[in-house]
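2 protein chains.
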Amino acid sequence: MRRVKSGAKIILFTILKYFFEKNELAVLADLATFAANLGIMSLLVIGSVAFDAIETPFGKTDKIIGGAATYISMASSYLCKPVNLVAVVGGDFPQEQIHQLNSMGVNSEGLQIKEDEKSFFWSGKYSNDMNSRDTLVTELNVLGTFDPIIPQRYQGCEYLMLGNLSPDVQIKVIERLEKRPKLIAMDTMNFWMDVAMDDLRKALTMIDVLIINDEEARQLSGEYSLKKASRIIRDMGPKYLIIKKGEHGALLFHEDKVFFAPALPLEEVFDPTGAGDTFAGGFIGYLAKLDQVDFEHMKRAIVYGSAMASFCVEKFGTERLVGLTNEEINDRLKEFVVLSSVELNLD
Amino acid sequence: MRRVKSGAKIILFTILKYFFEKNELAVLADLATFAANLGIMSLLVIGSVAFDAIETPFGKTDKIIGGAATYISMASSYLCKPVNLVAVVGGDFPQEQIHQLNSMGVNSEGLQIKEDEKSFFWSGKYSNDMNSRDTLVTELNVLGTFDPIIPQRYQGCEYLMLGNLSPDVQIKVIERLEKRPKLIAMDTMNFWMDVAMDDLRKALTMIDVLIINDEEARQLSGEYSLKKASRIIRDMGPKYLIIKKGEHGALLFHEDKVFFAPALPLEEVFDPTGAGDTFAGGFIGYLAKLDQVDFEHMKRAIVYGSAMASFCVEKFGTERLVGLTNEEINDRLKEFVVLSSVELNLD
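Here the protein sequences come in this chain order: A and B. Count along the first sequence from 1, then add 1; that gives the number in this note's numbering. Count along the second sequence from 1, then add 1; that gives the number in this note's numbering.
One chain only, chain A, in its complex shape (with noise of 0.2 angstroms):
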């Protein structure tokens, strides 16, 4: 696939920019086609788009936007555009949601819409210290059956974030490409660990990275020292390992290199949910936009995880990934750099 200079690039950003803008979807399309045959848009999501219902010691929502292939989609959308998106909604999801997402440099084309069916519901309470939170109703609807299909104009892709989903579906979206991404990166959770573990193995084996928990790298491996974890998991497949740690940072692992990267102290988690899945966003979103696949870019892009998820936690749901500034963003990264940063002059 033919690679397009730098200078081209911002020349067709701001032609899609301004297409966005005008909500010319069908135009949007074609020029997408296009840029996606130069191999410059190239970033694949899918996961859960979904309502939610949370509760926190600070307040409480009604059902809200949400899902996995939200958050990844805002979050990598600022730094790759456009990000295309496979997912499922019922007829019940708000078109104002979708056009907010299109807004934002999401592609819809591939969001099935199941009109006579409901969304994903997930409603959750956290406790006083938000360490920790009860499900108060889970409701799959529409992501019980989910068949993803992907759009002709998607093929092609190079970077692929595979939302927290079925191991099952997981598997699907990779066989139906029909070029292997230059990079696929997988969450999972350790509900999949119990009841569906075959396929679990089985997509592992076909995944470059793997994004998940402290928690879910112990079940997986039933090690608890994670450094022990961390061999044992990339035995079963990923070249690559994250671990995230939540309010501790996360960890990358790669050959026998590590790298750790720390969230920033925060006066206050407002909302801890979708800081994963923001934070997979922002990973998959830089590497897309750099489109470089090594352990130096993959230390780089978990900074920028870190500082999109750390916007996520300040406000309620989405709300806080809306409408971010380059500066915000740079400000953030900045106090990264700022927090870890130490010269000790060894030989």
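Treat the hints with care, since some could be wrong.
Claimed, not checked - Which residues of chain B face chain A? A partial, calculated answer using Cβ under 8 angstroms: (1) K61; (2) K64; (3) K229; (4) K246; (5) L252; (6) V259; (7) F260; (8) P263; (9) E269; (10) F271; (11) H298; (12) V304; (13) I330; (14) R333; (15) L334; (16) L345.
Calculated directly from the structure, the hints in this document are not laboratory data. For each residue, glycine too, the CB sits at the ideal point set by N, CA and C.
Since the structure of chain A is provided, determine the placement of chain B on it from the hints.
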């Protein structure tokens, strides 16, 4: 107080080392006084010297040497010799353990030996994941009536590390120093917040650096957010606050600045006992060695503390802290630097 040039320091240290190795403690004491008057023998450590009996998933010890001041002294001795120890033990404390400390550069003139009494004894058992521990036995013994006596030769010390003890004893130590040290760092624990909060509050007004863990910071401040907690605690007195988060690293707060140092991801934590004290020892030892008290040096000191702590947990008790080489320490420091190094090329 006059400062000597670094060439003179090196010569003096070589002479001191010679007498340590010869076990010529009387000569050493005179030399120590001489050096102290020059302002270069300036680390004073106070805390418990004790027996521990430890059970972890990896094994079980009989009574072994432990106590906050033991770990602090050993760790700091790799950076700054001699370490002037103030503590109390009973007649049951083995002379060879004191010689062990002496051989590492720890001056035990301030170690009171109460022949007819027993040393402080603690026994604990760690959970399978090492994340919690139950105290099985606490016998205060000599520590119950500890009256800290500062030998005349220790007067003039510039760096003081107050290991975890009753705040009343910590205050006495400060009050018994003829000249206020350049830097006073202190550790404490939840227990004292419960039973001696008034004394603790007074102690906090007398120190520069408080070193506590996240749980203790939350209890002391009544705030869950560590960032908010850090402000409340610093309003109580200390200009610098270090919050240790165990396997999740450590945070340093000062004015509007924050620094985070990760803990090294280890294959196995064999025995966490004393890791926090070892961290404190590496921290204060580095500052005493460099004789610099500012945020940048404290950042580096925290990395040294983390490196020393990463050794401590690899074996039972103080075992791993004996006989470390400079090369081992340097290699560990380099691992820390690699672990969190990332270049972002921000504007």
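Hints and how they fare:
no. : hint : in the structure
1   : K61  : 19 angstroms, violated
2   : K64  : 28 angstroms, violated
3   : K229 : 6 angstroms, holds
4   : K246 : 7 angstroms, holds
5   : L252 : 6 angstroms, holds
6   : V259 : 6 angstroms, holds
7   : F260 : 7 angstroms, holds
8   : P263 : 4 angstroms, holds
9   : E269 : 6 angstroms, holds
10  : F271 : 11 angstroms, violated
11  : H298 : 10 angstroms, violated
12  : V304 : 6 angstroms, holds
13  : I330 : 10 angstroms, violated
14  : R333 : 10 angstroms, violated
15  : L334 : 6 angstroms, holds
16  : L345 : 6 angstroms, holds
Of the numbered hints given earlier, the model fails hints 1, 2, 10, 11, 13 and 14; all others are met.
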